[in-house]
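Student: Here is how the chains run, residue by residue.
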Amino acid sequence: MSSAESLTPITDDIKKLLRLERLPHIWCGGCGIGVAMKAYIEAVLRSGMDVDKHVLVSGIGCSSRMPGYVKLDGYHVTHGRGIPFAVGLKTARPDLEVTVFAGDGDLVTIGGNHFIHAIRRNDDINVIMINNFTYGMTGGQYGGTTPRGSRTLTSPYGHIERSFNIPYMAASLGASYVARWSPLHYRELTKTILEMFEVDGFAIVEVVSPCIMYTGMNAMEAVHMMKTFRERCVINHNADLSKIDIPSFKEDKPIVLGNFLRREVPSFQTLYREEIIKKARGR
Amino acid sequence: MSKVEIDNRLLKPGVYFMRGNDASVEGALIAGCRFFAGYPITPSNEIATLMSRRLPQVGGIYMQFEDEIGSIMAVLGASNGGVKSMTATSGPGFSLMQEAIGLAAMTETPAVIVEVQRGGPSTGLPTQVGQGDVMQVKWGSHGDYEIVAYLPNSPQEMFDMTIKAFNTAWRYRVPVVVLSDQMIGHMREKVVVPPYEEIEIVERRRPEESPEEFLPFSNKYLIPPMAVAGEGYRIHVTGLAHNEKGYPTTDYETVRKLVTRLVRKIRDNERDIAEYEEFMADDAKLIIVSFGITSRSAKKAVRDARSKGLKVGLFRPKTAWPFPYWRLQELTNNGADVLVVEINMGQMYRVVREHVRSSEVYNMPLTPGACPSPEDIYKKIEEVYPR
Ligand SMILES: Cc1ncc(C[n+]2csc(CCOP(=O)(O)OP(=O)(O)O)c2C)c(N)n1
Ligand code: SF4
Ligand SMILES: [Mg+2]
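One line per chain: the protein sequences are C and X, in this order. FYI, the numbering for the first sequence is 6 to 288, going by the working numbering. FYI, the numbering for the second sequence is 549 to 935, going by the working numbering.
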């Protein structure tokens, strides 16, 4: 699909979109969240849109701290509720390009109900999900994305539950755009976010980025993490999404990445304005 | 004072025969509400039903969410986009909204919530009346914050107070609740829509400084001007304790200033915000305090008592929060006793006892499901009337 070759670095401009006075940030050295933040900022700069029309929304968690470092209108709301806040904002203000940047626990565990219904309605928002397979901010308990068998703070004998396969779930619910990348794939991720801005409807990218601090099951240093990505990642845009779950970081199973899906399906917001308001006012 | 934004699909000035819940919808549209998000719950359903039909007629959007948490969050999102927005619910749904109400208070996001009370606790009595949410409205979310709650007792007041709720929310940057009840919500009565020129409409105060100088949570103001998304101010808004710039902080002094301001912006203005009605209260030896549907029975009981020579009066708070305690104190300074009548086991009763120290304060604990008749209240009057 997208070739990452055409991207040239724009580091100085990226700095201008950071709230530098807020540094140092709270993230652990080597955590992948910062890479995804940079990819988002670069995509904003390359989007050709008025930068002031880009708005960030997040919930609670390490990942959700991201809007606090980016010099855009940003709303850091309650745990799991970034999506409905973003949907209200986007619905009221179609001129804005609204992106939710949050963690796996926030988006699909406590916020799971909003996640599935926003996709079903095909709400016109972008979601960048940092999947670190745990609740990083609270110290590494298991959640809805924690691989079976993992030992975490609250699964000391090994985790017995199954975990979500995010792209498969999003695709099956009818999302307009579904992708998955890792912090090693900065350029691909940037291009993906750019495409997400163009899409009408729910666009999601899962950023596979294990918490290097707390995931006992895959505790690794940042360098080791990147090495793992280099060895195990396979890019397959046409992958069978039902088979791309990430059962464990210890296993050798490939981590499948790619821009899996892009559909032309009108969003709730488009349909409401084009059908409902017209009908209601016409009568 | 700004004007009603004229749209030929708004309800025209005139006299109508309307249900309370419907009157609330028409009031909201006239106040400028253009976004509604909700989840069905009895006895507030008529509000969502009419909104789904009426909002798109005036170019607004109705959304039904997966739950009340999503609904109130969407309302806060729309509000931060500069669009007047509201939701409607009843007890159980209102409970689910509490975390978001705290967020609205902390981020100073205006929002209107119409809460049509039913009997509780829990799922309780979905179709029957209750007034048991007086305390939930005030203390439902954690931490210290102030909220405003109106207490309509007629369809006319559902109309008027919904407009007022928008004005108060956008003037003070707080969530405002219209605390109605099943009987007022479902009652049909005369509703007068006044000429639009007579209706006050309040808009947010906008920042005057440049984006570089603007402090979105400046303590220079009690109520800071509000920047909305996409205006170029590049604000950071968080539910975390924050400094004037909006950035998270744990600095004791900074947090002290913030929380103090959040509370003071209502407490310092309580006399401008609070409203009440008095009926034969000046010379009364016993003052009945009652609101919403029960205040209508209480008024009849006061008339009956007067016809029998008993000096009884009515004090009807039209806002539960802030509670107009100063006026009640004035009315009881001469030693008048108080009887609180409400459909709960003693919620506003506690508030009245807190403020009326010089005389007896009685209550009439009532379980939900029915409104006391004037005769029920009259019996209680005879029992406690000072002789
Ligand atoms: C209602 C509520 N419950 C619990 C918490 C505590 N809490 C804060 S962050 C968090 C988990 C965050 O996990 P995730 O969304 O995956 O973000 P990460 O920190 O892993 O990036 C939890 C449970 C909270 N803030 N609010
Ligand atoms: S705790 Fe985990 S997710 Fe949070 S910053 Fe550290 S490495 Fe990243
Ligand atoms: Mg996480």
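Do not rely on the hints blindly, as some may be mistaken.
Simulated pairs of lysine-lysine, BS3-like, Cα-Cα distance not exceeding 27 Å [stated by the list, open to error]:
#1 X/Lys848 x X/Lys859
#2 C/Lys21 x X/Lys859
#3 C/Lys20 x C/Lys58
#4 X/Lys560 x C/Lys20
#5 X/Lys768 x C/Lys76
#6 C/Lys284 x C/Lys255
#7 X/Lys686 x C/Lys283
#8 X/Lys560 x C/Lys284
The hints are simulated quantities; they were obtained by calculation from the structure and are not laboratory data.
Student: Now look at each hint and say whether the structure bears it out.
Tutor: Each hint, compared with the structure:
1. X/Lys848 x X/Lys859: With a Cα-Cα distance of about 14 Å, the restraint between lysine 848 of chain X and lysine 859 of chain X holds, given a limit of 27 Å.
2. C/Lys21 x X/Lys859: Answer violated: lysine 21 of chain C to lysine 859 of chain X is near 73 Å, above 27 Å.
3. C/Lys20 x C/Lys58: holds, 18 Å
4. X/Lys560 x C/Lys20: violated, 54 Å
5. X/Lys768 x C/Lys76: Within the cut-off at roughly 23 Å; holds.
6. C/Lys284 x C/Lys255: With a Cα-Cα distance of about 56 Å, the restraint between lysine 284 of chain C and lysine 255 of chain C is violated, given a limit of 27 Å.
7. X/Lys686 x C/Lys283: violated, 41 Å
8. X/Lys560 x C/Lys284: holds, 21 Å
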